[in-house]
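Peer 1: Below are the chains, spelled out letter by letter.
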Amino acid sequence: MPGSPLVARRLWITALIVPPLAFVALFVVYPIISAFAYAFFQWHGLARGEFVGFANFYKVLFTQPYADWTLNAFTHNVLVFFALMVLQNGVGFVLAYCLWRELPGAAFHRVAVFLPVVLSTIIVGFLWKLFLHPLFGVVNISLRGTGLGGLAQPWLGQGTTALWALIIANAWHMVGFPTLVFLAGMQRIPGEILDAVRMETESEWTKITKVVWPLVAPSATVVFTLLFVGSFNWFELPYIMVGVDGSPHKATDVLGLYFYRTAFGDQSGSGQDFGAGSALAVLIFVFIALVAGVITFKLRAREIQL
Amino acid sequence: MKKLVCSTIVALGALMTALPAMAEELTFWSWRQEDKAQYEKFIDAFEAKNPGITVKFETFEATNYNTILSTALAGGSGPDLMFARAYGGLENVANAGYLLPLDKTNVPALEKFAPAAVAAETARSSKITYAVPFASQTMLVIYNKDIFDKNGLKEPETLDDLVKAAEKLKAAGVMPFGNGTATAWQNEVMVGGIASTLMTRGFYDDLMAGKADFMDKRYVEALTKLKEITKYFPDGFIGLDYASSQQLFASGMAGMFVGGSYELSNFKKQNPGIKMGIFAMPGLKAGDEKLVAQYFDGGYAVNAKTTKKEAALKFVNFLASQEFGQMFADDLNNISAVPGVNFKDPLLGEVAELNKHSIPYIMLVHFRYGEPSGSVLLQGEIQKLFGGKATPEEVGKNLTTGLAAWYAPFKK
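Here the protein sequences come in this chain order: A and B. Using the working numbering, you'd call the opening residue of the first sequence number 1 and step up by one each time. Using the working numbering, you'd call the opening residue of the second sequence number 1 and step up by one each time.
Hints were generated in silico from the structure; no laboratory data involved. Nothing here was measured: the structure is a model prediction, and the numbers come from that model. Any given hint could turn out to be false.
[Unchecked claim] Stretches of chain B that chain A covers, calculated by requiring three or more beta carbons in the stretch to come under 8 Å of a beta carbon on chain A:
(1) 157–167
(2) 267–281
(3) 340–352
[Said to hold, decoys possible] Here are a few chain B residues that sit away from chain A, every Cβ distance over 10 Å (derived from the structure):
(4) Gln33
(5) Ala37
(6) Asp44
(7) Phe60
(8) Glu61
(9) Asn66
(10) Thr67
(11) Asp146
(12) Phe148
(13) Arg218
(14) Tyr262
(15) Gly287
(16) Lys384
(17) Lys389
[Unchecked claim] DSSO-like mimics (lysine-lysine), calculated; alpha carbons at most 27 Å apart, straight line:
(18) B:Lys225 <-> B:Lys356
(19) B:Lys397 <-> A:Lys59
(20) B:Lys268 <-> B:Lys356
(21) B:Lys217 <-> B:Lys344
(22) B:Lys217 <-> A:Lys59
(23) B:Lys411 <-> A:Lys59
Quick reminder that beta carbons are idealized off the backbone N, C-alpha and C, glycines included.
Working from the sequences, and respecting the hints, build out all of it.
Peer 2: What follows is the structure in structure tokens.
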């Protein structure tokens with residue numbers, strides 16, 4: 001019945017829902033789907049060529065030199081994920097525990113640990129590039145000043161140290177985030193449980209492994225999944241600190257940089273190839289979506305409902 | 001809608017032919033935002049002589065230029081005239097049929113241009129030239145004259161002289177070279193600026209004739225010497241990025257800088273008081289031909305689908321004229337590709353003089369036509385060489401086998 005309050009209400013709800021839905025469809029869903037579609041065509045610059053099926057996927061996975069490049073970048077992403085799992089999430093857990101136990105200076109450290117997180121990646125990248133400057137960087141100057149000049153290195157120029165330098169810069173930047181999430185998880189543990197534990201044992205280790213760790217499982221799910229997604233989408237920090245080539249000699253190349261170079265080209269003459277680039281983007285997307293799904297599913301299963 | 005546009009264009013075209021006196025406006029696209037004022041001056045000079053034609057100069061950010069241009073050309077809405085890249089970058093646009101072929105019938109001045117310059121704007125397979133080349137860049141050694149004078153040093157005649165000069169600077173507490181190679185493309189610059197003389201013109205000719213590859217003794221020997229010279233680069237130079245290395249030279253902390261001729265105006269801007277000289281890398285013996293590595297930046301091209309072909313060709317002929325070349329060199333401080341230009345800036349004159357003994361900047365000029373590009377390979381391999389991860393022999397082998405993926409003469 002036109003004019004009835006129910007119809008008006010429905011119209012009103014429709015009017016509220018449709019614009020954002022259209023917005024998301026146009027600017028999120030459509031680009032993703034078109035990137036999927038791009039991957040199945042040959043490209044001449046920006047002009048779309050003929051439909052080639054899975055040829056672009058085959059190219060980036062199995063033909064040289066792409067196959068080596070893909071494997072090299074992927075291996076680095078895996079290394080970054082595991083290293084950050086220890087240096088970012090591991091250290092974050094320890095820091096959170098210390099803050100939660102209110103060790104001396106906790107109030108100050110709560111701010112200090114979280115402060116770098118609010119800095120933009122650009123600033124952190126340039127800051128660490130300066131820290132690691134071979135001549136004037138604070139790292140090498142400190143080493144020389146303390147008689148450890150032999151350890152001073154061109155950190156970002158060596159294949160053996162460059163990727164680790166990036167990993168440490170990233171951990172320094174982001175460690176506050178898992179710390180905060182774990183801390184929130186710990187603060188949610190009911191006091192009665194902790195009192196009960198105190199009756200049973202004095203051991204800090206038992207408390208952590210048997211009580212705290214299982215009870216912060218939901219926090220762990222969150223930070224593990226986000227770290228996984230972040231590690232395989234890693235782009236800004238390496239782009240700023242070592243450039244789009246994964247310098248030196250691709251020792252810091254990761255999937256994000258590799259995709260960008262392949263699709264858009266770089267000034268060293270690798271041409272633009274939207275087909276291969278889109279194929280890489282699709283592979284990265286599918287890989288992240290699948291594994292992140294599995295991780296979330298597995299980790300959810302071990303969470304304990306209080 | 002399309003029909004309407006078409007008929008409008010036809011009507012406009014008819015109007016143009018019917019009223020030749022009416023002003024024709026040409027659009028001219030460029031990636032040189034920083035040169036806009038100078039180009040407007042050049043255009044004024046053209047318009048003064050060619051009443052009835054006006055040129056509108058539009059600039060785009062350099063890194064996005066290729067994308068913007070190819071999108072516009074593919075959509076049929078490109079400019080009448082445009083900056084085109086050189087070598088592989090030119091072919092991307094030209095082979096799609098977007099550019100008007102240029103030859104001695106429509107641009108007579110092209111005949112007098114250096115063959116290397118014209119080759120930069122010519123598609124390899126069809127041998128058709130698509131643009132009037134505008135400038136060249138040269139890889140050489142730049143030095144700080146005040147530092148050299150203070151230490152009683154002269155431009156070196158042999159490699160030994162250079163080593164002695166570097167030792168002297170080191171002893172005096174000055175960094176001999178300011179270069180760093182953490183930024184990938186700088187590694188290619190080191191090969192062009194330092195190794196060209198050492199690999200010799202004979203090697204380059206053999207390489208082009210298909211008689212030599214990068215495993216050739218002359219190339220490997222040149223890389224060996226290159227690695228030895230890095231002894232005089234700053235401590236930890238492999239971790240030093242491009243911007244930092246420029247600052248070391250511009251601030252007077254380093255005596256020499258291996259780089260492109262484009263650095264000269266840059267250093268002048270950073271430090272207006274700096275007095276610079278340039279030289280080509282010397283060889284083992286005083287009589288060896290000293291070589292610099294040269295390449296061309298880009299050229300001026302005409303849209304194949306322009307409706308104002310005659311006016312556009314008039315403008316391109318102006319861009320190929322000596323009058324324009326002279327203004328280009330004077331106002332933009334660049335090595336114009338137009339033959340017979342005199343350089344007001346003595347340093348530019350010296351660069352032009354050095355260019356008489358040059359070989360092409362090999363990877364950029366000849367090996368950017370396939371994947372992996374020679375430049376990408378070389379940059380990575382030289383980083384390995386400098387980082388102690390590869391010997392000169394291994395670098396030569398990896399370059400050759402890497403390029404064999406698409407470069408026919410290396411396929412065995």
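Peer 1: Regarding the assertion that aspartate 44 (chain B) does not contact chain A, is the least Cβ-Cβ distance greater than 10 Å?
Peer 2: With a cut-off of 10 Å, aspartate 44 (chain B) remains clear of chain A, as the shortest Cβ separation is near 32 Å.
Peer 1: The region 340–352 of chain B covered by chain A? Criterion: 3 or more residues, Cβ-Cβ distance below 8 Å.
Peer 2: n = 0 at 8 Å, threshold three: violated.
Peer 1: Taking 27 Å as the top limit, are the C-alpha atoms of lysine 397 (chain B) and lysine 59 (chain A) close enough?
Peer 2: Status holds; Cα separation ~24 Å.
Peer 1: Does the region 267–281 of chain B contain three or more residues whose Cβ lies closer than 8 Å to a Cβ of chain A?
Peer 2: Violated, because only 0 residues of the region 267–281 of chain B bring their Cβ atoms closer than 8 Å to Cβ atoms of chain A.
Peer 1: With d taken as the least Cβ-Cβ distance between threonine 67 (chain B) and chain A, does d exceed 10 Å?
Peer 2: 7 Å, violated
Peer 1: So if I understand the rule, the pair passes when the alpha-carbon distance is 27 Å or less; does lysine 217 (chain B) with lysine 344 (chain B) pass?
Peer 2: 41 Å, violated
Peer 1: Classify the label on arginine 218 (chain B) as holds or violated, using whether its beta-carbon is more than 10 Å from each beta-carbon of chain A.
Peer 2: Holds, since 24 Å exceeds 10 Å.
Peer 1: Taking C-beta pairs only, is phenylalanine 60 (chain B) more than 10 Å away from all of chain A?
Peer 2: Non-interface label stands for phenylalanine 60 (chain B): nearest chain A Cβ at 15 Å, farther than 10 Å.
Peer 1: Run the C-beta distances from lysine 384 (chain B) to all of chain A and say if the shortest one exceeds 10 Å.
Peer 2: 5 Å, violated
Peer 1: Minimum C-beta separation from asparagine 66 (chain B) to chain A exceeding 10 Å: can you confirm that?
Peer 2: 7 Å, violated
Peer 1: The output says tyrosine 262 (chain B) does not contact chain A. Does that hold with a beta carbon cutoff of 10 Å?
Peer 2: For tyrosine 262 (chain B), whose nearest Cβ neighbour in chain A is about 13 Å away, the distance exceeds 10 Å, so it holds.
Peer 1: Does the no-contact call for aspartate 146 (chain B) survive, Cβ to all of chain A over 10 Å?
Peer 2: Label holds. Min Cβ-Cβ 22 Å, cutoff 10 Å.
Hint compliance for this structure: hints 1, 2, 3, 9, 10, 16, 17, 21, 22 are not met, and every other hint is.
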